[in-house]
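Trainee: These are the residues of each chain, in order.
2 protein chains.
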Amino acid sequence: MLDALFKPKAVALVGASTKELSIGNVIIRNLLTYGYKGEIYPVNAKADKVCGLKSYATIADIPGEVDLAHIIIPSQFVPQAIEECGQKGVKAVIINSAGFSEMGDEGVKLQEEFLANARKYGIRLFGPNCQGIINSDPELNAYCNFTFTFPKPGSISVVALSGGVGALIMQVLDDLDIGQRFYASNGNACDVSIPEIIEYYGDDEATKAIILYTEGFDKPREFLEVARKVTAKKPILAMKAGRTEEGAKAASSHTGSLAGVDIATELIFEKIGVLSFHDEGEMVRAAMAFSSQPIPAGNRVGIITNTGGPAVIATDVLIDFDLEVPKLCEASIARLQETQFPQAALENPIDVVATAGGPQFRAALDVLLDDDQIDCIYINFVTAPFTDTDAVAREIVEVNRQRRKPMVCNFMTNMKLERYQKTMAILKEGEVPYYANPGDAARALGALVQYGRIQQRDIGQEHYFNNADATRAAAIIHEASQSGREVLSALEVYGIFEAYGIPVAPWNVATDVEQVVAAASEIGYPVVVKVDCAEIDHKSDMGGVAINLKNDVEVLNTVTEMQDRLGHFGELGFLVQKFLPGGRELIIGASAERELGHLVMFGLGGIYVEVLKDVIFKIAPVTAVEAAEMLAGIKTAALLDGVRGETGIDKEAIIELIQRVSQLLCDLPMIMEMDLNPVMAFADEVFAVDGRIRIHIDN
Amino acid sequence: MLDALFKPKAVALVGASTKELSIGNVIIRNLLTYGYKGEIYPVNAKADKVCGLKSYATIADIPGEVDLAHIIIPSQFVPQAIEECGQKGVKAVIINSAGFSEMGDEGVKLQEEFLANARKYGIRLFGPNCQGIINSDPELNAYCNFTFTFPKPGSISVVALSGGVGALIMQVLDDLDIGQRFYASNGNACDVSIPEIIEYYGDDEATKAIILYTEGFDKPREFLEVARKVTAKKPILAMKAGRTEEGAKAASSHTGSLAGVDIATELIFEKIGVLSFHDEGEMVRAAMAFSSQPIPAGNRVGIITNTGGPAVIATDVLIDFDLEVPKLCEASIARLQETQFPQAALENPIDVVATAGGPQFRAALDVLLDDDQIDCIYINFVTAPFTDTDAVAREIVEVNRQRRKPMVCNFMTNMKLERYQKTMAILKEGEVPYYANPGDAARALGALVQYGRIQQRDIGQEHYFNNADATRAAAIIHEASQSGREVLSALEVYGIFEAYGIPVAPWNVATDVEQVVAAASEIGYPVVVKVDCAEIDHKSDMGGVAINLKNDVEVLNTVTEMQDRLGHFGELGFLVQKFLPGGRELIIGASAERELGHLVMFGLGGIYVEVLKDVIFKIAPVTAVEAAEMLAGIKTAALLDGVRGETGIDKEAIIELIQRVSQLLCDLPMIMEMDLNPVMAFADEVFAVDGRIRIHIDN
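As they're listed, the protein sequences go chains D and Y.
Each residue of the first sequence is one higher than the last, beginning at 235 in this note's numbering.
Each residue of the second sequence is one higher than the last, beginning at 235 in this note's numbering.
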């Protein structure tokens, strides 16, 4: 429970300062300005008073109980301060001070020291190198933070890895006049983690939606498991920055903890239904809609407009978000004919025209509310100078109050004019989410619809194939690991595949020419022969693969030639395999991700993966629904169904194959990389034709 | 010259009204509110005064000269009013009234009537069904418009097809406190056109940048030619809505003039260097940067930040816009070491840290100004509560005043606090383009860099191949046209290709089996045989193509079989052609676009065009530079260079081929559609292997 942190009854400030431009002063002023209802205890041995409050020489001197302390002193004194907090019975500490893990070895040592002290007393630590928290509950008004935005109470809770972005989000929400509930930015996050905060927000009934800013996760699996439960209850709107290589470099330079472009975070978002944004403004504007509107039951939008062009822009954007703009039913059109001006366009968008007043808007709104083909409503409302704009706003508000269908409003006006300020105030008071331009309003509605889709999506459960022989596969890996081989032999790879029921083309291994010829005859011509040698990792590039060998003589000549040419690499083994021409070449791959598990990749092989990079990733375990999404998600999905009169491939077999690969990976976490490349797919069967497994070996 | 419209010395209002909520009243109040320096003449027979001004019974009664008149009366009276304007000597008329071409046949008739009257007197007409114009020149203050935004003087001029979007753009500019020069929204545009207005803005020295909103052009070629000259002088920032099918439908329903998704407008923007936006907010925020900043000489950005996360977000977005974030040179880093705090990150982004004040910001700015590897500057400036933010703002302004390198600033603050309002005022006064979040600032800088790239781009001139036989090709088309054949025969298609030096595989035509065999022998085996029959348009789907025929017997059997199976369609001819296996299959196509000329298409043939739609379009004439851009622009461009050890194709030959196709199209405008499909490309030669031409026939 993080109540001591988010709902403190008394706050001590170790490092309270009388200097106006110092954090130890700003936090106290913020607490006072915001009207904190608990006790504030400045700790400063040199001052009698700080910001008019009595100051204490040490924490021990504080008369009352303290559940939360800020620490704002140079890093070398922090371990001792934590010790004193422990003795005082402080339950949570926000360490605002910097100079720890982000500053190299010495800082890391200090951090370990104060963490040990905290554990001794069961203190939860927030930070270090962080801003703090805010709780806007009017019963508490806890502004334990040095930022400058004073949010009004509301239902949006924010958590941000970066204090700068956190402050920005809080500010933009406030500029939009959106109330906020909790705020947290935990800097180096040595103890209280973002997943933990998300869980806390998830359990908080007053939080309706969560905004998250991150640059990656130290423990992505922990986030995945926690956030999965939260998204089932309420929306998480998230932005992960550091998408580009340069952005990731900038991120790692300021957090000191993460590096490299990770695709895993976006995949986590997708898997568990976190709404992912690439633009911070768009995310916050979407939150505005979530804070007041119900979730749309579907993606069919009815548009009401009193001006042409903005409806065109909105339509484009709504379509980009996969909304539909359906035709209105005849009954709806008939009702519109009775109520709208003759110049009105009685389609969807409904153009009520610029002269439309309250009655015309209201009639159009009622038609959309009653039309079963419409799930949500988009309104363009320009304050035409020749209409009673207040009356229009009042009708929109009345319909909004019914909460029958979600709506957003693009409200185009001059806010400098008193007349329109009044109109705006009506919309605001009526909790209509309104935006300054059509694109912004449409994107916010798009996010609502997207969350509706997430709520309805069920990726199902992982299927466990009972005929998998996990013991056999584990034994193979154990043996390779024992003998220090990171890259498994063909025999081992195919053995593992067979253990998991992954279909492979008929095969055998051999160590000399005679054995190869014998194996080929047994398998039946034509065959493929591949060298199998730990020293030759990329055998195809080395000329170690010969396809479509049709008889004993061809096999004999090929193997002899390979022995001559490649023998100096080490002892050559050979893999003999049935040659299967004419199928569709696919690739299935996997890689282990730090602290997360495996990513599974699917795509078309050959130039499609090499040139087009046309592949889809999912996080294991992959369900049948997700596997089907992988097949449908590649740009060249049509090729799986066959083009130009070809027959398609056996997609169900591929979906099963992906699930079996997923099960294999979950059972064998020591696999670092695995490729089934190619998988040859035919109309009624599929085969892994080549495979490669690299494992992790403990040194 | 549109001076009478944009710089009127006296404005008459035919339809002036005493009713407050009417257009005929609002326009007069707007003129008065804005402080119009010319004469205002209300025309209203029933009132003595309108808005305190003397009213006249008829236009003829007006004592002084009138160069501009508004007409705000029911549509049926407009032709007579124009007649009276003509008699009075009015030079330009804004017809605000609706009820013309957008309202069906009767409206069209009225429009023709008043247009005839206008031509008789040489009156220029603006509208009908429009808002009007604004000229913010303080010497004139002409607010000939019924909207509600009163722009301050500035250097951005706006033209919008949609009044709603035009008003929105004007309002957002004003919200950002950006000055504006001209505004125009011309509705149905029966006379004065958007290209004409763009030309006028282009010639206006006080206009530094132009914002254009459109949903397509009635005369795209006119726009292309006009705007091409303007973009060489000043930037045009444009948004074309109706990108999606549904958006285009919404657009056509409110303009009544355009339909269907057109790709041509975006291609025009690209060809002539108009900056294209898909978001109206982004476009206007970019205009803010253009209104004060020089154009970057290159794409290398230096980032200064006093907070980590927003620099990560900015970096991501800048990289999306193809900017580079280069390492700083050693001299720069050394200078930073001397001037920055120890915790600062002396990389790019330069993190001056939250405690940085004016001196630290200034020193970092000076380093970026002096570093030759940096073309432009991005600043994150969060108003940390423990710094002198005014001092920081003053240093940014001083550097901005030097105009040495363009800069944008993401200014993150709470504008409700007086302290920061002051900081903001310093930035504003100093003409620093500042934005409320990192993405917005980065996108604005991205647009500046993009325009710098446009200014440096030279697509060169159309090359005219002198060995083209235009006369022969025109004669072929003339004959087909005379005999009423829209789809040309193979003989005709290949004749035209040969006339333009388009390489085709050796070929001949024949009408019976013996001739086919003789032709095949002469060309040399293997050959392809295709039926050639006007009734069979898609011969491949009909089984009318046989490839890789190796000898006389195979040809004989094939042709006999085709005659039996397809003879009932009509008289069959045959095209015999050299079979050329093993090349890369390409497609070059062309289609005529209404009022524009031809679009030329290039892509890889087969599944690449069918499944991936991986094609690039350009507007003819296509220069060598543009043809090279087409080859480089497809997603599968790597295939042209060869993958997996293949040799690449002869790209120069394809570039020449595209130019020859372009020349052919420009010479023969009656071609509606043309395909070279496939073109077979090899390492050192290319051939059109099949072709199809459809022409326009006048009835």
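Hints are computed from structural coordinates only; laboratory data are not their basis.
Honestly, I wouldn't trust all of these hints.
Since copy identity is lost for identical chains, a pair holds within one copy or between any two.
Stated by the list, open to error - Subject to a maximum C-alpha distance of 27 angstroms in a straight line, what follows is the list of computed DSS-like cross-link-like pairs (lysine-lysine): (1) Lys354 / Lys656; (2) Lys773 / Lys453; (3) Lys322 / Lys561; (4) Lys468 / Lys505; (5) Lys253 / Lys656; (6) Lys283 / Lys468.
It should be emphasised that the depicted structure is a prediction, and the values quoted were computed from it without experimental measurement.
Trainee: At 27 angstroms max between alpha carbons, let me know whether Lys354 reaches Lys656 within a copy, between copies, both or neither.
Mentor: neither (58 angstroms within a copy, 49 angstroms between copies)
Trainee: Since the copies are identical, ignore which copy is meant and state whether Lys253 and Lys656 lie within 27 angstroms (CA to CA) inside a copy, between copies, both or neither.
Mentor: Answer is between; shortest inter-copy Cα gap is 22 angstroms, intra-copy 43 angstroms.
Trainee: Within, between, both or neither: how does the pair Lys283, Lys468 come out at a Cα-Cα threshold of 27 angstroms?
Mentor: Neither: 44 angstroms inside a chain and 61 angstroms across chains, both beyond 27 angstroms.
Trainee: How would you label the pair Lys773, Lys453 (within, between, both, or neither) given a Cα cut-off of 27 angstroms?
Mentor: For Lys773 and Lys453, neither the intra-copy (37 angstroms) nor the inter-copy (60 angstroms) Cα distance is at most 27 angstroms.
Trainee: Cα distance capped at 27 angstroms. Does Lys322 pair with Lys561 within a copy, between copies, both, or neither?
Mentor: neither (68 angstroms within a copy, 49 angstroms between copies)
Trainee: Using 27 angstroms as the alpha-carbon threshold, which applies to Lys468 and Lys505: within, between, both, or neither?
Mentor: within (16 angstroms within a copy, 47 angstroms between copies)
Violated hints, listed in ascending order, are 1, 2, 3 and 6; each of the other numbered hints is respected by the structure.
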